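Residue numbers (the UniProt record's numbering): 1 to 219.
Honestly, the hints are just simulated from the structure, not real lab data.
On a predicted model such as this, the values are computed, not experimentally measured, just so you know.
From the three backbone atoms N, C-alpha and C, an ideal C-beta is built for every residue, glycine too.
Possibly wrong hints are sitting among the right ones.
[To be verified] Calculated cross-link-like contacts (lysine-lysine; reagent style DSS-like; alpha-carbon spacing at most 27 Å):
#1 K131 <-> K34
#2 K34 <-> K60
#3 K60 <-> K131
[Claimed, not checked] If you anchor each label on the Cβ, the simulated ranges turn out as follows:
#4 R55 <-> A135: 45 to 55 Å
#5 V124 <-> R92: 18 to 28 Å
#6 A80 <-> G32: 22 to 32 Å
#7 A128 <-> P154: 16 to 26 Å
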Amino acid sequence: MAVNFNHIAYEALEVCNAVSWDAVREAVAAAGLKPGALALDLGAGNATVAIGLARDFGLKVRAVERDPVMAALASRRIAASGQGERVELLVRDSSEVLDHAPLPDLITVLGATDAAAPGLRDPVAVFARLKNAVAPGGRLLWGEPFWKAEPSAPLRQIVEMTNSYQTDAGCVRPPNRPDGASSMSGTAPMRNGAPTSTPWTPPSAPGPPPTPRRRRRRA
């Protein structure tokens, strides 16, 4: 299996982690779950959310992460947190767990790309699958994998060095998707930390190679 690119962002660089535990804690608190309730964290990453659910709310958490690199990191962090009795790490696809696991009281999906099944990306199908996988009266906490605010200074430096980033203006809403689904149309170049005025255009196809010229020999 190919290693998921997400471990590059979440493995050791907390600055690159778009998940705010304070925001997650506030949302979970509003659900009114009692200690001992079952939570399923799909795409657990480095287990930040799973550990927090166990520590702050006393939930029993099944953390699902299919990337072996991320799962190894999550395992170490769970052990170091002292929440090993409450957090169970499952290294497998989410679909395998959803098909056979007990119905949880809470499902958290924060930045996961294959929350319901590998390759299943249609929003209607994904949410229908997750709705059927949560206990009656349960809750689903969903978070998209992007920032809405200004990136932190260290991350901004990385963006500036790579000289490319995605802008909100680069998102377009397909005419047949009024529900707000969007897709990226391109990237914008940066100079000294600020976007340039040059509009992004798709790269053109390379033309034919130039014809080599023959050198004439002197008599």
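Going down the list of hints, with the structure as the test:
no., hint, verdict
1, K131 <-> K34, "holds, 21 Å"
2, K34 <-> K60, "holds, 10 Å"
3, K60 <-> K131, "holds, 20 Å"
4, R55 <-> A135: 45 to 55 Å, "violated, 22 Å"
5, V124 <-> R92: 18 to 28 Å, "holds, 25 Å"
6, A80 <-> G32: 22 to 32 Å, "holds, 29 Å"
7, A128 <-> P154: 16 to 26 Å, "violated, 39 Å"
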